[in-house]
Amino acid sequence: MTDVTLTIDGKQVTVPAGITIVDAAKRAGIDIPVFCYHPKLEPAGMCRMCLVEIGRPIIDRTTGQPVLDEQDQPKIQFMPKLETACTNLVSEGMVVKTQHTSEKARQGQGEIVEFLLTSHPLDCPICDKGGECPLQDLTMRYGPAESRFLYDEKQRLAKHVPLGELIWLDRERCIQCGRCIRFQEDIAGEPVIGFDKRGRTTQIITFTEPGFDSIFSGNTTDICPVGALTTADFRFGARPWELTPVTSICSQCAVGCNIVFSTRREARAGGRIVIKRVMPRQNEQVNEIWICDKGRFAHHYLETDRLTKPLWRRDGDLQPTSWQEALDLTAKRLSEAGSDLVILASGRLSNEDLLNLKLLADMAGGQALLYTHMGGGEATTLFGVSRGFDLGHLGAGDVIVVAASDLYEEAPIWWLRVKAAAQRGADLIVANPRQTKLDRYARWVVRYAYGDEAQLVEKLKADSGVSQALAGASRLVIFFGSEGVGQEQSSTLAFSLAQLLQENGHVAKPGSGLIGVWPRPNDQGAWEIGFRAMDDLAEQMRGKGLYIVGADPVGDDPALAEVVRAARFVVVQEIRFTETARLADVVLPAQTYAEREGTFTSGERRVQRFYAALPPMGETYPDFVITAHLAQGMGYVLEGSSSEGVFNHLARTVSAFKGLTYAQLAEAAEQWPITGRAHYYFSGTVHPNREGLGVALSNAAERGEPLALPSVEAGPAQRPQEGEWLAVPVTRAYDRGSTVWPSRLLTQRIGQAAVYVSSATAEALGVAAGESVQLSWNGHQVEVVVRIDETIPRGVLLTPRSCGVPLFEPTFLSVEVANTVRG
Amino acid sequence: MSLAETYPQEVQRILAKYPPEHKRSAVMPLLYLAQRRDGYITKAAMQEIAEFLEMDGTEVASIVGFYTLYHDKQEGKYRMQVCNDLPCALRGADTFLEGLCENLGIRLGETTPDGLVTLEAVMCIGACDRAPVFQIQSPERITYYENMTIERTLELIEALKKAQGETT
Amino acid sequence: MAHILLRHRDIPDIHQLDVYRQHGGFEAWQKAVISMTPEQVTEVVKASGLRGRGGAAFPTGVKWAFMDNRNWPHYVVANADESEPGTFKDREIMEKNPFQFLEGVAIASYAVQAHTAYIYLRGEYWHIAEWLDQKIAEMEAAGLLGDRLFGSDYSLRIYTHLGAGAYICGEETALLESLEGKRGQPRIRPPFPPSFGLYGKPTVVNNVETLTNVPPILTYGAEWYRSLGTADSAGVKVFSLSGRVKKPGNYELPFGKTFRDLIYGGGGGILDDRPIKAIMPAGASSSLIVADEKALDTPLDYASVRALGSDLGSGSVIVIDDTVSIEWVIRKTVHFFKHESCGKCTPCREGNYWMLRILDRLERRPKKEDVQLLYNVARQMQGKCLCALGEFAIMAVMTGIERFPQDFVDSSQT
Ligand SMILES: Cc1cc2nc3c(=O)[nH]c(=O)nc-3n(C[C@H](O)[C@H](O)[C@H](O)COP(=O)(O)O)c2cc1C
Ligand code: SF4
Ligand code: FES
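Protein chains in written order, with numbering that gives the first Met the number 0: chain A, 0 to 822; chain B, 0 to 167; chain C, 0 to 413.
FYI, nobody ran anything at the bench for these hints, they're computed from the structure. Wrong hints could be hidden among the right ones.
Cross-link-like lysine-lysine pairs, in silico, DSSO-like; alpha carbons within 27 Å at most [to be verified]:
(1) A/K158 <-> B/K72
(2) B/K16 <-> C/K95
(3) A/K39 <-> A/K74
(4) B/K42 <-> A/K196
(5) C/K181 <-> A/K196
(6) B/K72 <-> C/K181
(7) A/K39 <-> C/K200
(8) A/K39 <-> A/K10
(9) C/K95 <-> A/K436
Chain A with its partners taken away, still in its complex shape (with noise of 0.2 Å):
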């Protein structure tokens, strides 16, 4: 687009056309004061706040050239009427006269914020966004010293209106500016609050069971520009200028959302520093200014039943034993194990830990592997996408594919702007064995049944118009995910997927690329720095000494159960104590990422930091400096004083990371819109970056390096034999995982344990909604409810990872009607 040059309160100042008046203005430094305008949504001219004066050249009929004055300027035409700046178009030659130059417009304002204050309570010592209020701000600025509005004669309304367990409303301090209602519309796609009412008793409602449906609810309190959406979690919590703000990566998913921890020492917690709550902060390559309702109420296992110290099996049971007698025990049996050691380890985990870990594993001749129930990190190490991929910048010409993947539920805020990339003109193909959120933006909806994945990459080919899409693709930007495969039909998967963006010319190509949606949030860093992941992790493991970090395969599976507590040896490190802790050996406690400092790789392969928020929790260390200790114990040396010093010596060895530094990881730039809260315009309470936008890897291809894939021979799909069923795991965002159930604020929106059925198949296994069944596998049983969802494809059982039913990969099982009834 070409630019105009227009002045604003006679600075000249060029800017690209087709821009509002306010975001213009903004981009010069000055702030028009916006209450209803957020530069995310499209513009509503509600609240009239950001009146203004506009003058525009006038225009010479004839010549179509501005008409001159005697200076030979333009003459300027002003409306008689204030503007209002968020609503109109800069255009060339245009003179805008805000409050700072104009006092029409300085008068305009102060009374339009008298308006508002006619219904708005003034109680800004008890609400929660006073000190972070724009209303607040400007009242202090314009405030007629005393109300002509009589107090007595104010409205009353309900002040702790719950829209659901998570948000609360203030029907009070709500001033309509209908930001909250259209964030849900525009931006999550889910219109499930809306104005009730009209005129003076226009107010919020919702009509969603549970209230207030959407996962992405909480940026309604950030966006809300006055204290009259709050969060259940943060609500009368503190103030936000006691609040220090500590800069940190979600690590609910694989998308590494910017957040920011707002911590507080507080007396309840004995004097200790808590987190209060999580807001986003600003990443607009990554997440924008918005974070998922998972990742901002999903906090407290950080803080809930931790592991403070060493334990070690004394006459059968786990007792307390101090740092020294804990590592040298664990240093001598690991050593004994000698190339028997597996060392088994998540995505949780900092690369820096990954990074230790692998090699101690390389040192010791043992074996470094992956705990996940996805795989498919060969390929994306290979063409991940490569630098410069921005999920911002796709659209028209651009190709999206979402194969096996929910990824509403797996990666919401990928969901939320892959929808608006689609939305933007991208080419959307989603391929699933079910009906998705994400169905609803697509171009193309493929469908495959459960069990055919390997065959997913012929069937997109075969049609035609996704071929010719694919062919055709400025970018092609391919996501996989974990619908209903293990990690071998993952693998599977993601090999093909790769042969598809290598046969359509994309491996290379900036901003193409593969992408895992990863259960995790480093198990992309993982993958990079040589984890591996193995579909008989049972086989693997026994007999074995192990050492098992930040994963707990005994109270995920009952098959990896018995080989664990088979095994010569177990030491596991943890933050909290789990079922695989039970069965250990010996129990070392670990720092949780909010108490140190370290870095994630996230599932588009940008490397970002995250930095400490809170004290350590007793006698914890950060899982890195854990293993350089044994590591010395064990006769290795490995580098364990800082967090850095890992990072350095990851940045010389492996080759993704070769050439980053710590410090660069911390560079910020920036970014548009511009947020933070001492200013009028926009407003809302996100913050902004300064604490750095992390740093892109590179890919294989880029660097030249051979991009060989493992080949794999995809068998016919298995179908289940005479009495038997195909249970698919999927990942739902709220399960019952050890990061996600200590909130329990959370508890109504995971739901009791179930198996999802359509109705056909619930009439041939003779059960009703409501009823419960008894699921049989390889020995094992577990008995949960049935629930109906017509999504689902008939034959087929639906069971969530992590919510009652321990499957993590497809699986034949048989079920029975049980007797029990439950609600």
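For chain A, the structure is supplied; the task is to place chains B and C with the ligands on it using the hints.
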């Protein structure tokens, strides 16, 4: 029974008015149908219409709340809506309304004890030259009564009562 | 003179299709489709000087010519929301002379090449919607609506759509929102409906009365139409006369007749022959006119009424005599606007609420300062609202206090 089952022809006729990709336009006429079926607009009906038109229930509720001719509560079977806006008030509408309240023994907004008539005041209904006027909104339709007197209004209520007695 | 719009007053059965046709009905429609280009139709309407009768008085032909021809389909929407207090003219036209109105809708549709037209009626006009549906069906049966009309390529369908009780839906963009199945709240303008209207497509929105003028204009020509009325305001207008007059009702007059002609001629003078005190020429949205001799002799045309410090608007003349307090009048109008404010923009939502609170207070314990405050709040709303409703709401308040100060002083002494 669903609206499409109860009023198959009407639903078809309504849907045919709007381009298929804009079927949301049918929300207002469908709400009238729901009001006809249930006497007022129930939460279940809003949900039903929402699903039918691929909207969210909240959006439908938000429309019901905006327009005054939709009612989400059960009240009198007939809503007697007297205009007492400026032009009618200049011709005695306020006095007429007071007289009605006295005769019916209820206040504005209340319903007669037999649950038949709810008395309401409304803004101008476009019959200013024929005050006193009111409209009666029943679940089925809206009917104007113009140049009314208290006596004729009471007669009308009696007639409605009778008709009610006959149908039940 | 024979009526041009209220023709049923001369030909009572004109609502019957054959009667309407016997009197030249649908000849203009047929002529347009068969022998005129859409541009020619628009040109005739432009040349006639016809201005919108919905209140804003925008030149109708000019509006049609604004339709964006790069974006299709086009729509025509007849605005039959008629909710301004004191307005009941569209109702009489639709009830008594429905075919002339429908013919106008059809011609407008042809002129902008719309194949679908909607008539948006206020929800209370339930019986009229049924009635029009019946008339539309008769037209379809007679081959006057439907596919390939009169052997041409042109097809047209007309549908009715009922609102549900919201004055704001008379505002054209709120009307379109409502027709799209949303809350009837006005859109930001620009863009205007001829470039971004129903479903985002170019749309002409015209008032019922405006459209009813179109068939005679096409039949008798622009010159003829201009010869009626005044230079500034061509043609005829239906005035809804209400309030303290002996014979309230609709009166069709050429522009240029005076208030006196309307009120004392047609209207038969003031009830009980009291002195007239004030005139509201545009319903509740009016600036109040002090009804002195000069005012009574003012011609009813857009420019003259404006020169009196008011606006002709929709021509809904409410007459107020000396028995009525202006403070009471504005309590009524403010009550109306507070009830009808859609709530979208701050000044209208809060200002109306606040004004009504002050008026309630004035009624309880009259105080001069509160009159001043009332005036200030109104002034504070002025020029800041998202649509004209908020601006309408303060007209009577400001002019009432300015022009009838004695009514407020009086109440503060009682
Ligand atoms: C608050 C408000 C209410 C209105 N109500 C009506 C109405 O009831 N009928 C109408 O025809 N125009 C009404 N209008 C005017 C319309 O917005 C629009 O100008 C008109 O329908 C255009 O048609 P016309 O050019 O034929 O007058 C209203 C405008 C406003 C601001
Ligand atoms: S709750 Fe907040 S964001 Fe929503 S309309 Fe009210 S003030 Fe605006
Ligand atoms: S009207 Fe411009 S910010 Fe609300």
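Going through the hints against the structure:
1. A/K158 <-> B/K72: holds, 24 Å
2. B/K16 <-> C/K95: holds, 25 Å
3. A/K39 <-> A/K74: Not satisfied, since the Cα-Cα distance of roughly 35 Å exceeds 27 Å.
4. B/K42 <-> A/K196: Measuring from Cα to Cα gives roughly 16 Å; hence the hint holds.
5. C/K181 <-> A/K196: The given pair, whose Cα atoms are some 13 Å apart, holds under the 27 Å limit.
6. B/K72 <-> C/K181: Between B/K72 and C/K181 the Cα gap is close to 21 Å, so the pair holds against 27 Å.
7. A/K39 <-> C/K200: holds, 25 Å
8. A/K39 <-> A/K10: Judged against 27 Å, a Cα distance of about 26 Å means the pair holds.
9. C/K95 <-> A/K436: Answer violated: C/K95 to A/K436 is near 52 Å, above 27 Å.
Comparing the model with each numbered hint stated earlier shows that hints 3, 9 do not hold.
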